[in-house]
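Q: Just so you know, the protein sequences line up as chains A and B, in that order.
Mind the numbering: the first sequence is residues 1 to 562 in the numbering used here, read in order.
Mind the numbering: the second sequence is residues 1 to 170 in the numbering used here, read in order.
These are computed hints drawn from the structure, not numbers from a lab.
Careful, some of the hints might be misleading.
[Said to hold, decoys possible] Each computed DSSO-like pair below joins lysine-lysine, with the alpha-carbon atoms no more than 30 Å apart:
1) Lys326/A to Lys352/A
2) Lys184/A to Lys129/B
3) Lys305/A to Lys89/B
[To be verified] Covered stretches of chain B (in silico footprint by chain A; criterion: 3 or more residues with CB under 8 Å from a CB of chain A, positions within the stretch not fixed):
4) 14–21
5) 68–77
Where a beta carbon is used, it is the ideal one built from N, C-alpha and C, also for glycine.
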Amino acid sequence: MKGSEALLKALEKEGVEVIFGHPGGAIMPVYDALYDSPIRHILVRHEQGGVHAATAYARASGRVGVVMATSGPGALNLVTGLADAYMDSTPVVAITGNVPRTLIGTDAFQEADVTGVTMPITKHNYLVQEVNDIPRVVREAFHIASTGRPGPVLIDLPKDVQLSEFTGSFDVELDLPGYKPTTKGHPKQIERALDALEQAERPILMVGGGAQHAHGELLAFAERTGIPVITTLMGLGAFPGNHPLWLGMPGMHGTVAANRAIHHADVILAIGLRFDDRVTGKVSRFAPHAHTIIHVDIDPAEIGKLVRTHIPIVGDARLVLKEMLKGAKPLRLASWWRELEEWRTRYPLRWKPRPHLQAPEVIRAFAEATGGHAIVTTGVGQHQMFAAQYFPVARPRSFITSGGLGAMGVGLPFAIGAKVARPEELVIDFDGDGSFQMTLQELATLVKYRLDVKVVILNNGYLGMVRQWQDLFHAKRYSEVYLADSNPDFARLAEAYGLKGIRVERKEDLMKGVEAVLSADGPVVAEFKVYHEEGVFPMIPAGGAAEDMILEHPAEREEVEA
Amino acid sequence: MRHVISVLVQDHPRVLNRITGLFARRGFNLESLAVGTTHVPGLSRISLVVSGDDRTLEQVEKQLNRLIEVLKVTDHSEPHVERELALVKVHVAGVEERLAVKDIQEAFRARVVDVAQKSLILELTGDSKKIDSFIEALRPYGILEVMRTGAVAMSRGERTLKVREKREAV
Numbered sequence: 001m002k003g004s005e006a007l008l009k010a011l012e013k014e015g016v017e018v019i020f021g022h023p024g025g026a027i028m029p030v031y032d033a034l035y036d037s038p039i040r041h042i043l044v045r046h047e048q049g050g051v052h053a054a055t056a057y058a059r060a061s062g063r064v065g066v067v068m069a070t071s072g073p074g075a076l077n078l079v080t081g082l083a084d085a086y087m088d089s090t091p092v093v094a095i096t097g098n099v100p101r102t103l104i105g106t107d108a109f110q111e112a113d114v115t116g117v118t119m120p121i122t123k124h125n126y127l128v129q130e131v132n133d134i135p136r137v138v139r140e141a142f143h144i145a146s147t148g149r150p151g152p153v154l155i156d157l158p159k160d161v162q163l164s165e166f167t168g169s170f171d172v173e174l175d176l177p178g179y180k181p182t183t184k185g186h187p188k189q190i191e192r193a194l195d196a197l198e199q200a201e202r203p204i205l206m207v208g209g210g211a212q213h214a215h216g217e218l219l220a221f222a223e224r225t226g227i228p229v230i231t232t233l234m235g236l237g238a239f240p241g242n243h244p245l246w247l248g249m250p251g252m253h254g255t256v257a258a259n260r261a262i263h264h265a266d267v268i269l270a271i272g273l274r275f276d277d278r279v280t281g282k283v284s285r286f287a288p289h290a291h292t293i294i295h296v297d298i299d300p301a302e303i304g305k306l307v308r309t310h311i312p313i314v315g316d317a318r319l320v321l322k323e324m325l326k327g328a329k330p331l332r333l334a335s336w337w338r339e340l341e342e343w344r345t346r347y348p349l350r351w352k353p354r355p356h357l358q359a360p361e362v363i364r365a366f367a368e369a370t371g372g373h374a375i376v377t378t379g380v381g382q383h384q385m386f387a388a389q390y391f392p393v394a395r396p397r398s399f400i401t402s403g404g405l406g407a408m409g410v411g412l413p414f415a416i417g418a419k420v421a422r423p424e425e426l427v428i429d430f431d432g433d434g435s436f437q438m439t440l441q442e443l444a445t446l447v448k449y450r451l452d453v454k455v456v457i458l459n460n461g462y463l464g465m466v467r468q469w470q471d472l473f474h475a476k477r478y479s480e481v482y483l484a485d486s487n488p489d490f491a492r493l494a495e496a497y498g499l500k501g502i503r504v505e506r507k508e509d510l511m512k513g514v515e516a517v518l519s520a521d522g523p524v525v526a527e528f529k530v531y532h533e534e535g536v537f538p539m540i541p542a543g544g545a546a547e548d549m550i551l552e553h554p555a556e557r558e559e560v561e562a
Numbered sequence: 001m002r003h004v005i006s007v008l009v010q011d012h013p014r015v016l017n018r019i020t021g022l023f024a025r026r027g028f029n030l031e032s033l034a035v036g037t038t039h040v041p042g043l044s045r046i047s048l049v050v051s052g053d054d055r056t057l058e059q060v061e062k063q064l065n066r067l068i069e070v071l072k073v074t075d076h077s078e079p080h081v082e083r084e085l086a087l088v089k090v091h092v093a094g095v096e097e098r099l100a101v102k103d104i105q106e107a108f109r110a111r112v113v114d115v116a117q118k119s120l121i122l123e124l125t126g127d128s129k130k131i132d133s134f135i136e137a138l139r140p141y142g143i144l145e146v147m148r149t150g151a152v153a154m155s156r157g158e159r160t161l162k163v164r165e166k167r168e169a170v
């Protein structure tokens, strides 16, 4: 057996069913072996599409996503996706070919120091020097990627190693003396946390992406205690977006209720989140009345990194919540809820009605038509925030977006990965005209595998989020954000790829358009021409605090005092 | 504040790269780094000198611990022995200077490891402050080269950088 076959066998042993990838010279032996392998391969048109698809596959399924690429340029095209998976703690294993060992370090054709390049954006990486190490490296890579704080792991495999005769064993025992994640929370700390909550007058529960797998326990804990729940962008879906205890998303484009709740909270229970600056705003002004912050995270380095923590609990969100449930009691929060209720009803999410078709109303229409029962992926920009605001996903692992890295172009490949992972689900990619054009070649992948994905492009003819910031902070000097003069006809573009193309331009055609998208048999690209100068509100300007929240464009500004 | 940190690592290729890269990208201030093998095959020990407040130091330790190949991290805030080795090549113009340098050498208990017509190489071990003073004392004579290893440290007494039970203590 060759190294290449040993690799595939090792992947099989890890339960890998599908690999996203793109072949090339230095990975050809593995592709040759793949020809006879039961593992399914999804051929993407660009390696970036492959790694994003593998990421979404992981996030939608809870399993490890696998992507494969050749050396040098192929491997380097994975960089954005690896960084995205790293920032959003997603278990991905990337396999890259490399030049033969004898050529490493000689600037050979298609050579790049890929382990060097990816060191800061992977949880760990390997350059395999010995063919018999393959099963051990694969075992370790999957273990490291999927346990503790999940993250991407890269395996770089020189071509001659792939071609060497494998004589080793697949029976490998994990020996990682420096890697022992703590999963069970400390009982004393859990007890302290419950005490603090019991004495709290204005407690809140903040939930991040690290709690997506703890949705059952979360729901039970929230319902038992009656505590208000806030979910970050990465936490959307971990708690049902239609639940009365849910206050929405916090931070820069969060709801008034969520941000005010944080501002006035006395005890904060934060689970599986990392206090990103888009959530906290200016850290020194974050949650000024909170005398106790309880932080549950599996990564000890996250605790106290940005926000002071009074009760640190290192552990897995699900296991910690399970323990907390045992001692959780109903909290007396009637007066707190009266306050929250007032904010919620007085400042709901809303958009300023205009004669034009508007992005928020398109998303809201899809949310209503589906009842929130869809896997939503997004690109990055205004449409992403609108989707987060107006599509309250009902279930976990159903809102897949680039949170930490904010990588434009993820929407379509994310939808591909999600659909491969959960083929029975309705998958909608809400995309922007700018974002979509960064990876649109993956339409070919949709066609090749007949993946029934609904791509909804909210076309405002601008790089909308940049335009919004230029509007607010750069005196409307719209430097290099105009796209409408050179955008393609997206519906015809879709048709060129052999997909159904739909275009909706007028407000009165909205419902018909939504219906056409949802009832279409197979993948669709639908372009909704939306108002070109829409802004995402509410908004807390970068570096601001909850008190600085603005509800609408300053031209008709209404300050919200915290 | 200055801290000396000891790190026990698996001596895999690129492990130093991972550590220095971590310091660079997280903006930690790394003053010196010294590495060597231990008596346990496959394990190396690194001494780092880092400056920063308590919060930074906490992050330095936690981020180091996140690295898969790092087995143990200790901040030497407790009583410890700290040593650095320096080689100093100093210019000696004539007999007078040679005698004066010899006085300094004796006062610091340094050793002469190379003698040439117009220069000497002196070797000194000690904590970093002692080496600083030694270099200052020699400066008037004309220092030609200085090579310092960076500090290495070890806790006093019973405390050791332990790995897990199965392995031998280091």
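Q: All the hints need checking, so say for each whether the structure fits it.
A: Each hint tested on the structure:
1. Lys326/A to Lys352/A: 46 Å, violated
2. Lys184/A to Lys129/B: Violated, because 45 Å separates the two Cα atoms, which is more than 30 Å.
3. Lys305/A to Lys89/B: 45 Å, violated
4. 14–21: holds (count 4)
5. 68–77: This one holds; 4 residues, not fewer than the three required, reach chain A with a Cβ under 8 Å.
The earlier numbered hints that this structure contradicts are 1, 2, 3.
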